[in-house]
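Now for the letters of each chain:
There are 2 protein chains.
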Amino acid sequence: MTINLKNFLSDKSKLSKMGEFQDLKPLDGLEVSSISADLYDNGRDDLALFYFKEGANYATLSTSNSIVSETITWNQKSNKKIIKGLLVNTKNANTFTGKQGYESIEILAKSLSKSLTLRESKKAEGISETIKIKDLVFASTGIIGETFPTEQISNRIPDLVSKLRDDQNKLIWIKTASAIMTTDTKPKLAYDEFTFNNKIIRIAAIAKGSGMIAPNLATMLSFIFTDADIPSNLLKVLLKKVIATTFNAITVDSDQSTNDMVSIFSTRKIKIGHNRGVNDPVIQKFETSLKNVCLNLAKQIVVDGEGAKKFLTIKVVNSKSLSSAKKIAFSVANSPLVKTAVAGEDPNWGRVVMGIGKSGEKIDQNKISVKFGDFLLAENGAPIENVDLKKIREYMKWDSILIEINLNLGTDTFECYTCDFTHDYIDINADYKNST
Amino acid sequence: MTINLKNFLSDKSKLSKMGEFQDLKPLDGLEVSSISADLYDNGRDDLALFYFKEGANYATLSTSNSIVSETITWNQKSNKKIIKGLLVNTKNANTFTGKQGYESIEILAKSLSKSLTLRESKKAEGISETIKIKDLVFASTGIIGETFPTEQISNRIPDLVSKLRDDQNKLIWIKTASAIMTTDTKPKLAYDEFTFNNKIIRIAAIAKGSGMIAPNLATMLSFIFTDADIPSNLLKVLLKKVIATTFNAITVDSDQSTNDMVSIFSTRKIKIGHNRGVNDPVIQKFETSLKNVCLNLAKQIVVDGEGAKKFLTIKVVNSKSLSSAKKIAFSVANSPLVKTAVAGEDPNWGRVVMGIGKSGEKIDQNKISVKFGDFLLAENGAPIENVDLKKIREYMKWDSILIEINLNLGTDTFECYTCDFTHDYIDINADYKNST
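If you read the sequences in order, they're chains X and F.
To convert, count from 1 in the first sequence and add 20; that's the working numbering.
To convert, count from 1 in the second sequence and add 20; that's the working numbering.
Derived by calculation from the structure, the hints in this document are not laboratory data.
A portion of the hints provided could be inaccurate.
Note that identical chains are pooled: a pair holds if it fits in a single copy or bridges any two copies.
[What the hints assert, rightly or not] Below, simulated EDC-like cross-link-like pairs (lysine to aspartate or glutamate); rule was C-alpha separation at most 16 Å, straight line:
no.	residue 1	residue 2
1	K119	E405
2	K119	E213
3	K119	D384
4	K119	E399
5	K73	D187
Whenever a hint applies, use it, and build me the whole structure from the sequences.
Below you can see the structure in the form of C-alpha cells.
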C-alpha cells in the first residue's frame, strides 16, 4: 500500500522509470529535507521540511470543508507576510483531534524553531536572529481523529533540520515528494521556467493525493516554490485564478478532504521590480507557468486516483454560463454510474445524460449532443442511428477518454478531469483494514 | 442478472421464501395482469397493466432530474382527474428517445384503449363507453437512449388485457411486482389496512429500484393502490408529506433517475364522506398507513441496493433546522468513503466527520458527537479515549448499522437510509456488458 522510498530508489525497474519524472531544478533560497519518524512502522519517509533562510512570501488556499485540520487553524493564525519554514507530516491528519492536536503543533513549532535557530547561530558563529514559531506553517495528511503522534515527530526534528540541503536535484525532489504521500502509488512533481531580462525564473512544485480523501488516510496537498520576487497578495490572486481550472477542476470520488491545501512560496531571489499587476507581461508569463505546473500536478493526481485505470475528461461546451458548465461537468464526473461504465469500457451516454439532468441546471433536452472522443452518439435529444459501435468500443479501450457535452445554449466552456471507478477503489477503501 | 418469474415461482427454495413477503389483499375496483413481450429475450414478464373499470382518483410525483422520460411528459398531459389504466414496461426507459419515444406512447395508448373498450363492450353486450387515450398513464424503466420497442409491446396488449383479473392474491401481487423489475433481485411489495366505521380500508403497493439509476437499466418506480375514496388533490398532499421521510430519505449511489415516479390510485370503493382535510382523524389514520407502506418499500429498495450487503441508517439529531439535518445526513450517506468503510466493517468515524463538513452546512466542530450503534466514538470535536474497539468491530459485522450524529445546535432531526458500497456494485455497473 505504501511505498518504501529506500526500496523505491533501489529498485532498478523503478529507477529506470525516473525518466517519467520531469527534471526539477534547485530553487535559490530554499532548503529541503525528508526523514522517517517511522509513523508507518516500515521505515518509509513521513516528514518533509522546507526552509527559507531569508524568508519567503507566501499565499495559501485551503479546503472549503467546514471541518478542518488543526494545521489549517494554526496557519490562519501564523505570520502571513514572511514564512520561514513548512513542516509536513503524513499518516495522521491532525483533524478532529481537539486540544491535543492544536497543542501538538505548538510543541513541534517550538522544537523546530529551536533546532533551526541553533543551526543558524552555529553557521553565523553566534550572531543570528531567532526563528519565531509564528514564522512556521504546517500541513498534515492521513487518518482523521487519531491522537497526534507529537513526540514521535518531535524527536526527529533535530535530524530533519541537520539534513537540510539547498542542492535539490531530481532525486532529492522525488525523495521529498515521496515523503508526503499516503495512498499515492507514485510521487507527483512538476516544473516550469521562463526567461525574464536574461534571468531564469523557476517554479518547482510537488503534490500528493489519490482520493479526495484517501482511505484510512487523506487529502490533496500541493506546495509550489518559485524564486520570482512576487508579493504575497499578488501570489494569492494568481493562485486563486489558476486553481479554478486546475486543482479545482479535478474530482476522484466527490469526497472533499478536511486538510486540502495548496500553498505557494517565493524565495524572492529573482527581482522583477515593484508594482507589477496581474496584467503586466511578466506576471502573465508567470501565471502561464504556474498554470502549467498546477494542471500537470492536478492531472497526475487524477491518473493516480484510487484504483484508477483510465483518465477521464468531461468537457461541457456552449453553456449559457461558466458556472452552469462547471456544475454539469462535475455532476457527470462525480456520477458513480458514469465512472463504472467507463471502467467497463462501455460508451453509455445514457448515464451521461442522466448526469446532466441531475445537476439541476436548466438545459434544453432537445438541443443536447454527446460525443465520446470523436464519436457523436446523441444529438438533438435523441440517439444517433447507425453509429459504428465497433469503432467506439475500440476507442473505449484507450487510457484516456474524452466525453464532450454540447448544450447549444451559449458560449461558455468548462472541462474537468476524473478517473474511472474500479474494483481497486473498493479494495483500497473497504479492505484497507487488512493492510498497513 | 434478471429473474425469470416462471423459474422464480417454480423454484421451491424461492417459493418457501414467500413467507418473507407480506400477505397483500385484493383491491375492490382494481384489475391487474402481467405478461412477457420478450424484451429481455428470456421470457420473463416485462409488462404490467393496472385497470380501473370505474376509474381511479390519481396523484403522482416524479423525478426532479431535468431530463425526463417521454412517459412523464405524456402523463403530465393526461386527464389528471380520473385515470382508467396504467401500463408499465421494463427494459427500455423511453428517455432521450425523442419523437419516436413520444409517438410510441400514443400508439400504445390507442392499442390499449381499443383492447379495453372491446373487452368492456363484450361484457356489457355492446353498451359501454369508450376508454380515451388521455385516461391512460404510462411508466417505463430500463436503458436510456435506445429506440423504444413499440411494436413488440403493442403486439402483446390484447393478451395483456385478456389476462386482467380482480382477485389479486399474494402470488398475483408477487408476479405483478416482478414484472416491473430491472436489476432488482426480488420483487418489492407492501400492505397496510385499518378500520373505519366497520369498513376495512386497504393500501397495497409495489415498487422497483436497486440503484437510483441502475446499471444499463434504471429507476425507482412505486405504485400505490387504495380503495378509500379520497379526492386526487388530497391524495397529492398526503403523498408529498409522506415521501419526504420515506422515498426521499433513501439513496443508493447519489445518482438520480430520469424516470423516478411514485403514483397513488384510489378506486373510490370505500366511501369515507366528503370534505375531510389533512387533520381529520380518518385522513390521519390513512396517512399513517400510507407512510408505513412507503417506508417499508423504501427500505426494501435500499436493502436490494446494487451490491448492498448492509443497511445503513444515518441519523442527524439536534440540528438547527430540518433542512440542515437533511443535507448533512445525505452528505454522509452519499460519501463513497463512508459506504466503503461500512462495507469493510470499519467504524471509520473520521470519514463521517469529513462527510458532515463537506455538506457545506454551518456546524460547530467542537460540539459534534458521533455514535456507531450505541458506541460513542467522538465527542466535543475530539476522539473518545479507550473505546472498546473489539466490541465495536463486533457491531460492525451486523447487517444493519446505525450512525448517529449529534450536532448539539438545536432540536431538529432527520434520518436517511442507504447501503454499503461493495465490489458487487462495480460488478453490476461496470461489468454488465458481459451479462444480459
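Report task. Check each numbered hint against the structure and report the violated ones by number, ascending. Result -> 2
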